[in-house]
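K.L.:
Using the sequences and the accompanying hints, generate a full structural model.
Protein chains in written order, with numbering that gives the first Met the number 0: chain A, 0 to 390; chain B, 0 to 167.
Just to be clear, a hint being listed does not mean it is correct.
Below, simulated DSBU-like cross-link-like pairs (lysine-lysine); rule was C-alpha separation at most 30 Å, straight line [as the list claims (entries may be wrong)]:
#  : chain 1 : residue 1 : chain 2 : residue 2
1  : A       : K368      : A       : K314
2  : A       : K314      : A       : K371
3  : B       : K140      : A       : K226
4  : B       : K135      : A       : K226
5  : B       : K145      : A       : K197
6  : A       : K186      : A       : K165
7  : B       : K140      : A       : K197
8  : A       : K80       : B       : K163
9  : B       : K140      : A       : K114
10 : A       : K197      : B       : K163
11 : A       : K226      : B       : K119
12 : A       : K343      : A       : K371
13 : A       : K197      : B       : K119
14 : B       : K119      : A       : K314
15 : A       : K352      : A       : K314
16 : A       : K86       : B       : K163
17 : A       : K86       : A       : K226
18 : A       : K300      : B       : K140
19 : A       : K300      : B       : K119
20 : A       : K339      : A       : K226
21 : B       : K145      : A       : K80
22 : A       : K300      : B       : K135
23 : B       : K119      : A       : K352
24 : B       : K145      : B       : K135
25 : B       : K135      : A       : K197
Interface residues of chain B toward chain A, partial, derived using beta-carbon atoms under 8 Å [as the list claims (entries may be wrong)]:
#  : residue
26 : Q50
27 : V77
28 : F78
29 : Q80
30 : A96
31 : E98
32 : K101
33 : A102
34 : A103
35 : S104
36 : E105
37 : Y107
38 : E123
These are computed hints drawn from the structure, not numbers from a lab. Positions of the beta carbon are idealized from the N, C-alpha and C atoms, including for glycine.
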Amino acid sequence: MQTAQHKSTCPSVAGAMATLRYGHTLFFRQFFQGNNTRLGNININTSGIHSLNNNVSKNLVFVSNSTNIFENLALEDWLYKNFDFEKQSLLFMWSNTPCVVIGRHQNPWVEVNLKDMKKNGVLLSRRNSGGGTVYHDTGNLNCSFFSSRARYNRRSNLEYICQSLKSNWNLDLTISQREDIVLNNFKVSGTASKLGHKNAYHHCTLLVDVDSSMLQKILHASQIGIKCNSTPSVRSPTLNLRAICSQISVDEIIQVLGNYFIKNSSSQCCDLNFVNPSEENFPGINVLKLSFSNWHWIYGKTPSFVVNWPFGYQKPELQIVVQYGIIESLHILNNTIDRKYSEKLTELLLHQKLDNNLYNSIISSCVFKNMKDSYSNLKEILLLLCSTSVS
Amino acid sequence: MAVCVNAFHKCLRLPTTLLKLRPVVHKLNATQITRTFCSTNALTARKYTEQHEWIDVQGKIGTVGVTDYAQGALGDVVFAQLPDPDSELNQMDDCGALESVKAASELYSPVSGTVIEKNKDVEETPALINQSPYEKGWLFKIQLSKPEELDALLDEAGYENHLKNTGH
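P.N.:
Below you can see the structure in the form of structure tokens.
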């Protein structure tokens, strides 16, 4: 058994991995026992489920000190995979610097403007839960509610958010049929979830003071003739809570939601825990970070799709079939493309990954130089498909 | 056996083999019903997991899907991520996901083995899982590497009991 330093006087989760946000001291306690890891008195499992020593149900609150989307997605995934939620629930709150988060089964080429994202330094990421695409910045608060699969209840989590915000700021929040939180008919929160065998989580966004012009710009994809069966986003008009209530801020909401969540627990000795998603605190998290920021997860995980060129015509001349982010096949239809070009195109594109290397190959290729002017649009579309930067 | 009879009446969407029997069964007395169900169970040999997957084994090949209860609880499935052929799976491995109403539900393999086929129709039209969970909505076929794992899975009566006991 290895015992890490522990400075907290509270035997509860408050001592688990708390640091003051923006701050200072690391209260940290960790026990390794074979494959089992124990943080404070929160039981987690790395090989099986270990129940609490007592039967008290607990509500824990973690707030991430990180504003990096990949670190926060990794921490969310780590908690989902390692915690035992049989007798405890957890509210994890986190914010990110500008980024777009697409749903697990979505197509980034359909959902976002990849060129504008690159230009504006906005990161792209893919989460594990279902649902549609969202834009995040530090004016948005994400709330992940973890529980056992049996106690998973999306509506009650949303009601809890509505009640606590209503009681503090008198906001007239309601829950829509799609389980979005709505204010004056505008969406202020979007929801998605992931359900496993033992554990489940429901997470939602809360638009407090988001850069809405960037949101509009980035979530506006160019139509390039993609045919796919990936999950489509349902677009809704959005509103910042700040527009209705000028005093509200992300930090205040964290305090209000966190304290309200703890108050509803039968064991109230806990406090808000500000945590660093580091390898030291969460063994194995670095591997998760790498997998979330990896091209293969963000782009390669896209359900297979077909690009029909030229876009909008009933009879396309060229069909590009993409699977796992790689050009699997090219179909030249109607023999409209000269054979010598079609061979060169195939040589250039077939079995290539849609990434920066292919982007550079297309830029330096002479195939398009001698083709008809109308084919310059094909080059643009191919370059757009290859605008798949990763951090 | 009483459980089977209850299950029969409770089931909203029955496997075709049972559906075909339905009008006949109504005319029979209790003893005959019992006999009918024994033979039906022997014919289908479908096994279930507590996570609501079913597996129907013919020889060494098992066809896997989710139960009628599962499809009802999921709601309209909008995307099915299925394991690719040649994937090696251990029993209870997370091998895909079904997405419905903004939730991704993990899919588990009821047995160990090698995936030999996935249902491309379901990938194309995920609603088949809702419309026909036991037939057109099957998910993947797997060559069993440890057929003995089947012994620990639930039979139809056991699964119905499990649903009852967990309040469904």
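K.L.:
Evaluate each hint against the coordinates.
P.N.:
How the hints compare with the structure:
1. A:K368 <-> A:K314: Given that 30 Å is the threshold and the Cα spacing comes to 24 Å, the pair holds.
2. A:K314 <-> A:K371: The hint holds at about 18 Å.
3. B:K140 <-> A:K226: Holds: B:K140 and A:K226 sit about 27 Å apart, inside 30 Å.
4. B:K135 <-> A:K226: 24 Å, holds
5. B:K145 <-> A:K197: 24 Å, holds
6. A:K186 <-> A:K165: 16 Å, holds
7. B:K140 <-> A:K197: Holds, at roughly 25 Å.
8. A:K80 <-> B:K163: Distance ~28 Å between A:K80 and B:K163 Cα, so the pair holds.
9. B:K140 <-> A:K114: With a Cα-Cα distance of about 41 Å, the restraint between B:K140 and A:K114 is violated, given a limit of 30 Å.
10. A:K197 <-> B:K163: 19 Å, holds
11. A:K226 <-> B:K119: 16 Å, holds
12. A:K343 <-> A:K371: Holds. A:K343 to A:K371 sits at ~15 Å (cutoff 30 Å).
13. A:K197 <-> B:K119: 29 Å, holds
14. B:K119 <-> A:K314: 25 Å, holds
15. A:K352 <-> A:K314: Distance ~26 Å between A:K352 and A:K314 Cα, so the pair holds.
16. A:K86 <-> B:K163: Measuring from Cα to Cα gives roughly 23 Å; hence the hint holds.
17. A:K86 <-> A:K226: 45 Å, violated
18. A:K300 <-> B:K140: Distance of about 22 Å is within 30 Å: holds.
19. A:K300 <-> B:K119: 17 Å, holds
20. A:K339 <-> A:K226: Distance ~27 Å between A:K339 and A:K226 Cα, so the pair holds.
21. B:K145 <-> A:K80: 27 Å, holds
22. A:K300 <-> B:K135: 26 Å, holds
23. B:K119 <-> A:K352: Since the Cα atoms of B:K119 and A:K352 sit roughly 24 Å apart, the hinted pair holds (cutoff 30 Å).
24. B:K145 <-> B:K135: 26 Å, holds
25. B:K135 <-> A:K197: 28 Å, holds
26. Q50: 6 Å, holds
27. V77: 6 Å, holds
28. F78: 4 Å, holds
29. Q80: 6 Å, holds
30. A96: 7 Å, holds
31. E98: 4 Å, holds
32. K101: Holds, about 4 Å.
33. A102: Holds: closest Cβ of chain A sits about 4 Å from B:A102, inside 8 Å.
34. A103: 4 Å, holds
35. S104: Interface hint status for B:S104: holds (4 Å vs cutoff 8 Å).
36. E105: 5 Å, holds
37. Y107: Given a least distance of 6 Å, the restraint on B:Y107 holds.
38. E123: 7 Å, holds
The structure is inconsistent with the numbered hints 9 and 17, although it conforms to all the rest.
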